[in-house]
Structures are given as C-alpha cells and as structure tokens.
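Asker: Okay, here's what each chain looks like letter by letter:
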Amino acid sequence: MNQTTPADRTAAPPTERRTWRSLVASSEVDTRLAGMVAALLAIWLIFHALTGGGFLTSRNLWNLSVQSASIAIMATGMVLIIVSRNIDLSVGSLLGFLGYAMAVVQAHWIPETFGFGFDRPFTWVVALAVGIVLGAAIGAVQGAVVAYGGVPAFIVTLGGFLVWRGLIFRMGEQGKTISPLDSTFQLLGGGPDGSLGATRSWLLGAIACAGVVVSVWLSRRRRRRYDLATRPMAIDVGIALVACAAILVGIGLVAVGYESPIDGSPTGVANPVVILILVTLVVTYLARRRRFGRYVYAIGGNPEAAELGGINTRRTIMMTFVLMGVLCAVAGAVQTARLNAAVTNLGIQNELDVISAAVIGGTSFAGGIGTISGAVLGAVIMQSLRSGMVLLRIDSPSQDIVVGVVLVTSVAIDASLRRRDRRAVVTALLVGLAVAALIIQTGRQ
Amino acid sequence: MSIAHDAPLVEMRDIRVSFGGLHAVDGVTVTLRAGEVVAVVGGNGAGKSTLMHTLAGAHPADSGQILIHGAPVTIANPRDARIHGVEVIYQRLALADNIDAAANVFLGRELRTRSGALDDSAMASATRDVMKRLNPRFTNLKTAVRSLSGGQRQSVAIARAVHFNAKILIMDEPTAALGPAETAQVRDLIGQLKAEGLGIFLISHDIHDVFDLADRISVMMQGRLVGTVDKHAVTKDEVLAMIIMGTRPGGAAAR
Chain A
0 MNQTTPADRT AAPPTERRTW RSLVASSEVD TRLAGMVAAL LAIWLIFHAL
50 TGGGFLTSRN LWNLSVQSAS IAIMATGMVL IIVSRNIDLS VGSLLGFLGY
100 AMAVVQAHWI PETFGFGFDR PFTWVVALAV GIVLGAAIGA VQGAVVAYGG
150 VPAFIVTLGG FLVWRGLIFR MGEQGKTISP LDSTFQLLGG GPDGSLGATR
200 SWLLGAIACA GVVVSVWLSR RRRRRYDLAT RPMAIDVGIA LVACAAILVG
250 IGLVAVGYES PIDGSPTGVA NPVVILILVT LVVTYLARRR RFGRYVYAIG
300 GNPEAAELGG INTRRTIMMT FVLMGVLCAV AGAVQTARLN AAVTNLGIQN
350 ELDVISAAVI GGTSFAGGIG TISGAVLGAV IMQSLRSGMV LLRIDSPSQD
400 IVVGVVLVTS VAIDASLRRR DRRAVVTALL VGLAVAALII QTGRQ
Chain B
0 MSIAHDAPLV EMRDIRVSFG GLHAVDGVTV TLRAGEVVAV VGGNGAGKST
50 LMHTLAGAHP ADSGQILIHG APVTIANPRD ARIHGVEVIY QRLALADNID
100 AAANVFLGRE LRTRSGALDD SAMASATRDV MKRLNPRFTN LKTAVRSLSG
150 GQRQSVAIAR AVHFNAKILI MDEPTAALGP AETAQVRDLI GQLKAEGLGI
200 FLISHDIHDV FDLADRISVM MQGRLVGTVD KHAVTKDEVL AMIIMGTRPG
250 GAAAR
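So the protein sequences, as listed, match chains A and B.
Numbering-wise (numbering that gives the first Met the number 0), the first sequence opens with residue 0 and increments by one.
Numbering-wise (numbering that gives the first Met the number 0), the second sequence opens with residue 0 and increments by one.
It is worth saying that the hints were derived from the structure and are not from the lab.
Beta carbons are placed, not taken as given, at the ideal position from N, Cα and C, and that holds for glycine.
It cannot be assumed that every hint is accurate.
Stated by the list, open to error - Which chain A residues face chain B? A few, computed with CB under 7 Å, are given here:
#: 1; residue: Arg288
#: 2; residue: Arg314
#: 3; residue: Ile368
As the list claims (entries may be wrong) - Stretch-level coverage of chain A by chain B, calculated; a stretch enters the list once three of its residues show a Cβ under 8 Å from a Cβ in chain B:
#: 4; region: 220-228
#: 5; region: 299-306
#: 6; region: 401-408
Stated by the list, open to error - Chain A residues, not near chain B, derived (Cβ > 12 Å throughout):
#: 7; residue: Leu161
#: 8; residue: Ile234
#: 9; residue: Ser363
Sequences are here, hints too, so could you generate the full structure?
Answerer: And the structure:
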C-alpha cells in the first residue's frame with residue numbers, strides 16, 4: 000500500500016524492471032511486514048541454536064501459537080484504537096471482568112435460573128454471547144465518554160482499568176475462583192481436544208489456500224476492469240505460491256506434526272488459533288475494505304480533514320472501543336476456557352502486552368499508521384521471546400527486561416527507518432541486541 | 000431546477016456574523032458569476048475568512064441571505080454547502096497524509112461495491128481520470144499523500160472539489176505554501192477551472208496573485224466591505240489603499 004507504483008501501465012519505466020528495488024516495488028509487498036517476518040525467523044533461529052535444537056519443534060511452535068492467540072486477538076483491535084490517536088488501558092481488566100462474567104453465566108446463572116446443568120449444547124453459546132454483548136456495551140460506554148464526553152482516552156480507560164477489575168469482586172461470587180467450566184466452552188481454550196485434528200486442519204489449509212488464490216485473482220480482475228496497473232503475472236503467481244506453501248508447511252509441521260501427549264494422534268490447529276485467524280480476517284476486512292476502517296485511518300492522519308470531509312468522527316471513535324470490547328470478550332473466553340477456571344487476576348498486565356504487540360507490529364502513537372497483520376506478528380514475536388527464554392531457563396524478571404528492551408528498540412528502528420537514517424537503524428539494532436544478549440547471558444540459571 | 004440566466008451564480012446579501020460583541024462580518028454583500036474569479040482580500044481580522052465560512056457551512060451567518068442561481072438557500076453545515084455545489088479548498092489542504100490520493104479525493108463520499116465494501120479500484124480509476132484533466136503528470140495514485148510535493152497535494156485537494164461537480168469553489172490562500180513552479184501550476188489550474196465555468200472565491204493576502212487571477216476584487220476591512228472593484232479599472236496601489244486605509248478609489252468602484 001505504501002509503495003510507489005505508476006498508476007498507468009503506459010507510464011511504467013520499462014528499462015528499470017529488472018532491478019531488485021523495482022521488483023520489490025512492483026510486487027507491492029509490505030516491506031515493513033516482510034522485515035518483521037525476517038526478524039521473527041531470526042529470533043527463532045537464534046533460540047533454536049541457543050537451546051541446542053529445542054525451539055523449532057512441533058510441540059514448542061504449537062504451544063507458541065496457542066499462547067500468542069489471546070494477546071494477538073486483542074492487539075488487532077488495539078491497532079485501530081491507537082491509529083485513531085487513542086489508547087485503551089482497560090483491556091486487561093476488561094478481559095478479566097468478561098471472563099469472570101462468562102463463567103458466572105455458565106456455572107451459576109444458567110443452572111440456577113433454568114435448572115440446566117453443564118454440557119447442554121447451548122450453554123457455551125449463551126455464555127459467549129453474554130460476554131460479547133457485555134463487552135460491546137462496556138466498550139460503547141468507554142468510547143462514548145471519550146468521543147462525546149471529550150475525556151482523554153488515557154483517563155477514561157485508566158478509570159476502566161480500576162473499575163472492571165474491581166467489579167469482578169462485586170459479581171455475586173466475591174471473587175471466588177469458578178471452576179470447572181462447561182466442557183464445550185473449554186474447547187475454546189485449545190488443548191488436545193480443543194483442536195481441529197488432522198483432517199479438519201488440512202481442510203482449513205485447503206480453504207485458506209483457495210482463499211489466497213481467489214483473492215489474488217479477484218484483485219487482479221478488478222484492477223483490469225478499471226484499466227489500472229496490475230502486478231506482473233509472475234509476481235502474483237509467486238505470492239500465491241509462497242503463501243499457500245507457508246500455510247501448508249505450517250499446518251503440516253506444526254499443527255498436524257504435534258502429536259497429542261494423551262493418545263499420540265495428530266493434534267491439528269488449536270481452536271484459539273482458528274479464532275485468531277477468523278478475528279484477523281474480520282478486523283483486516285473492517286480496517287481496509289469498509290468505510291469504518293478508512294475513517295479510522297483518516298482520523299488518525301488528520302482529524303480536522305476527517306471532520307471537514309463530513310465523517311462522523313465521534314461515532315467512528317466510539318465504534319473502535321466497541322470493537323475492542325468485543326475482542327476482549329473473545330480473548331477472555333479463550334483464556335478462561337484454557338484455564339478451565341475464572342480467576343480474579345485473569346488478564347493482569349495484558350494491556351501492556353497488547354499495546355506492546357501493536358507497537359512492535361509497527362503501529363505509531365502519532366496516529367494514522369499501523370496494520371492488523373503487523374500487530375499479530377508483534378504478539379507472536381513477543382511470545383517467541385518469552386518462550387525462548389523459558390527454554391533457556393531465564394527468570395521472569397529478566398524476561399521482562401528483554402521484552403522491554405526489544406519494545407523500545409523496535410520503535411527506535413521504526414522511527415529511524417521512516418527518517419531513512421540508516422546509521423540510526425544499525426545503531427539501534429546493535430545496541431538493542433547487545434543489551435538483550437547481555438541480559439539473556441547473565442540471566443541463565 | 001430552473002435557472003434564472005441573468006442571476007449571478009452566488010449572491011451573498013447583507014451577511015452578518017458576530018462573535019460575542021465583535022462584528023466579524025458586518026452587513027457584507029458580494030456576488031460571483033459563473034466563470035469568474037472574485038478575490039476577497041483584506042488584512043488580518045478583516046473578516047474575509049469568516050464571510051467565506053458562511054458560504055461553506057463551516058460557520059452559519061447570524062443574518063443575511065445567500066442566493067445560488069438566484070434562489071435563496073440555507074447553508075447550516077458543510078453537507079448543505081456541498082449539496083449546493085460549494086466546495087472549499089482550505090489553506091492547510093485538509094488532506095489525511097497517511098492515505099493515498101484516491102482515498103483523500105473520496106474521503107467521506109467513498110464509492111462502494113454492492114456488498115458495501117470500499118471500491119478502491121473504482122475510486123483509483125475515477126481519481127486518475129480527474130487528475131488527467133487537472134495535472135497530467137500526476138501518477139502517484141497509490142502513494143500516501145505525505146510523500147507528494149506541495150503542488151501535487153494541491154492538485155489532490157482541488158480534485159477532491161471538482162470531482163463532485165462543484166460549481167462554486169472557495170480557495171483559501173491556494174499558493175501560500177508553494178514554491179514558484181508549483182504556484183504557476185496552481186495558477187494554470189485556476190484558469191482552467193474558470194474556463195470550465197466554475198465560479199471561484201479566492202481568499203488571498205498576495206496582491207500579485209490577486210491581480211493575476213481575479214476578475215473582480217472585494218476588499219474588506221474590520222468586518223465591512225470597503226468595495227468591490229474591477230481588476231482592470233484599478234491599480235495595485237489603489238487596492239492596497241483600500242486594504243490598508245479603507246479608502247475607495249475615485250469613481251472606480253464597480254458592482
């Protein structure tokens with residue numbers, strides 16, 4: 000989206016076609032995202048070497064995918080909030096509150112009101128629906144105070160951070176741990192049963208590959224119809240092939256390759272990862288193909304211009320918070336289901352992880368810049384660091400130091416890239432790497 | 000809609016706007032004909048921007064009447080103004096830097112497919128077509144507006160106005176932020192829009208711009224209209240005297 004491409008086929012300089020730079024430009028691949036994928040692969044390879052081959056295993060990568068899912072789900076919504084120059088500090092508390100509320104619904108409200116026990120087919124649906132509606136309503140309240148009340152989002156959500164956590168203790172159970180949960184609801188959290196298994200995983204892969212091919216083809220056809228420049232056919236085919244290969248290799252080696260610790264059968268893609276994929280697709284569609292997303296970016300780029308363009312900026316801002324509330328409910332369901340329990344400290348500090356994921360993923364606090372896929376990658380990068388350090392037996396405080404250093408380094412690199420200051424990029428990278436390496440080396444037990 | 004052929008494109012009659020006790024615009028009457036550029040000039044705080052804001056719907060008038068094609072209209076907000084074919088090109092351009100030219104041209108008025116999704120290809124294509132008319136060298140349809148030159152950004156802002164068949168353009172200091180080459184480009188563009196029959200109100204400080212571009216010049220001072228003069232009937236010094244001292248040149252005043 001950010002690359003310069005001649006709009007007119009006739010205007011394309013034919014002589015420069017063969018250079019690497021023009022090839023990259025004409026492929027319209029997001030170079031920032033490609034850089035992040037490269038960074039992620041580098042982190043994986045380094046940890047793989049440091050752990051003597053313990054990182055790039057099916058088991059570790061499968062766990063990594065499940066552990067990243069909840070933060071990544073929320074990070075997709077946080078991108079839109081930060082892009083429109085706001086912030087949401089309440090997501091961790093909101094997740095805890097909604098997770099607890101969903102547990103109360105299935106363990107107390109439904110049985111006590113209707114006399115239904117667990118394991119009715121609709122218990123999990125009702126619990127999840129209540130969580131999502133409640134999340135949307137709370138998001139609407141916070142968003143309305145920000146957008147219509149004129150209170151800065153930092154303040155509103157700082158209040159929410161305290162309020163939603165506190166309300167867990169006022170919800171009838173006085174903060175007692177609620178466990179176990181409905182057996183179908185539990186499947187949302189993953190685990191050997193909460194995964195797709197081999198057949199359905201391959202089916203998912205096939206659908207994903209077909210989706211990639213169709214979307215590449217559709218976008219090509221649409222641009223043709225309006226006589227706009229299209230990418231060279233070879234690049235389109237190459238992109239589709241690489242994407243399909245990555246999907247199938249990922250499913251084969253990680254998801255199906257991971258054999259269930261219980262019965263040794265192939266586990267398949269875990270449900271939280273399936274949910275994350277769906278959330279990413281939906282939020283990306285909202286961000287890039289709907290007016291809502293266009294307005295969010297326009298507000299972030301120039302609030303005055305958005306207002307003068309006749310955009311209902313207040314409603315748009317409020318809707319970003321509604322979306323965030325819904326995503327907190329989804330992530331809350333995943334975390335509660337995974338624990339098979341609702342506890343009062345669920346989601347503590349998650350707001351920091353979610354914001355960090357968005358920022359490592361290239362979202363700018365100046366507004367207007369950030370991608371959904373970047374934030375998901377950011378969440379995976381953070382979780383990779385943590386899980387690699389766990390394998391190296393580095394204590395949790397040292398892990399925090401490394402994640403903090405990586406957060407600041409990534410933003411410094413991003414800022415230097417935007418200024419096209421190569422020396423600053425290299426300096427930031429080297430300083431960040433040196434500090435992280437020092438902490439990892441001295442933190443090993 | 001029947002159009003009275005002798006009526007001017009825009010007639011603003013006896014417009015008054017006050018902020019508290021301050022009469023920012025105090026009984027001003029101006030007219031604009033199709034294919035004409037009327038410069039609205041005056042010192043800081045003369046009320047020229049406030050006057051134009053009433054036509055743009057950015058700040059409604061307290062009293063007075065606006066007629067378009069001879070028919071009285073109510074303009075309470077920017078949307079009303081657009082319905083009557085009034086488009087504004089603000090001094091700071093009002094573009095969102097982080098999105099591309101087509102997204103800016105259609106901002107707030109996006110084209111959509113049957114499913115309600117944004118139809119980016121259709122918007123890119125329409126933007127390319129309007130740009131062919133305005134600035135044939137403009138090809139950066141997919142670049143964020145941030146990385147365009149000042150003149151190109153101005154073309155995007157103007158494309159945003161003319162694509163929607165604006166009949167009346169308000170341009171606020173269109174050349175203030177531009178270098179000489181780009182200023183020339185924008186001047187060509189204004190000439191072209193004029194030839195296409197648009198009426199343009201030009202708010203400007205630059206007396207050279209005013210004399211190069213305008214057909215008539217309305218001078219304001221402290222919220223009042225000093226007078227409206229035909230460019231060919233006055234000298235720059237006489238206009239400067241109107242702006243600074245509020246004195247009308249003898250016998251040169253024109254409607």
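Asker: Using C-beta distances, would you say chain B covers the region 401-408 of chain A, given that this needs three or more residues below 8 Å?
Answerer: violated (count 0)
Asker: Using the nearest Cβ pair, does A/Ile368 come within less than 7 Å of chain B?
Answerer: Holds, about 6 Å.
Asker: Double-check A/Arg288 for me: the hint is only fine if its C-beta lies closer than 7 Å to a C-beta in chain B.
Answerer: Holds, because the Cβ-Cβ distance from A/Arg288 to chain B comes to roughly 4 Å (cut-off 7 Å).
Asker: Over 12 Å to the closest beta carbon of chain B is the bar; see if A/Ser363 clears it.
Answerer: violated, 9 Å
Asker: Against chain B, does the region 299-306 of chain A show at least 3 residues with beta-carbon separation below 8 Å?
Answerer: The restraint on the region 299-306 of chain A holds, since 6 of its residues have a Cβ under 8 Å from chain B and three suffice.
Asker: Go through the hint on A/Arg314 and say holds or violated, using the shortest Cβ distance to chain B against 7 Å.
Answerer: Because about 13 Å separates A/Arg314 from the closest Cβ in chain B, which is outside the 7 Å limit, the hint is violated.
Asker: Beyond 12 Å on every Cβ pair: is that true for A/Leu161 relative to chain B?
Answerer: The assertion about A/Leu161 holds, with a minimum of 33 Å to chain B.
Asker: At 12 Å, judged by beta carbons, does A/Ile234 keep clear of chain B as stated?
Answerer: holds, 15 Å
Asker: State whether the coverage of the region 220-228 of chain A by chain B holds or is violated, taking the criterion as 3 or more residues with Cβ-Cβ distances under 8 Å.
Answerer: Holds: 6 residues of the region 220-228 of chain A have a Cβ under 8 Å from chain B.
Of the numbered hints stated above, those contradicted by the structure are hints 2, 6 and 9, listed in ascending order.
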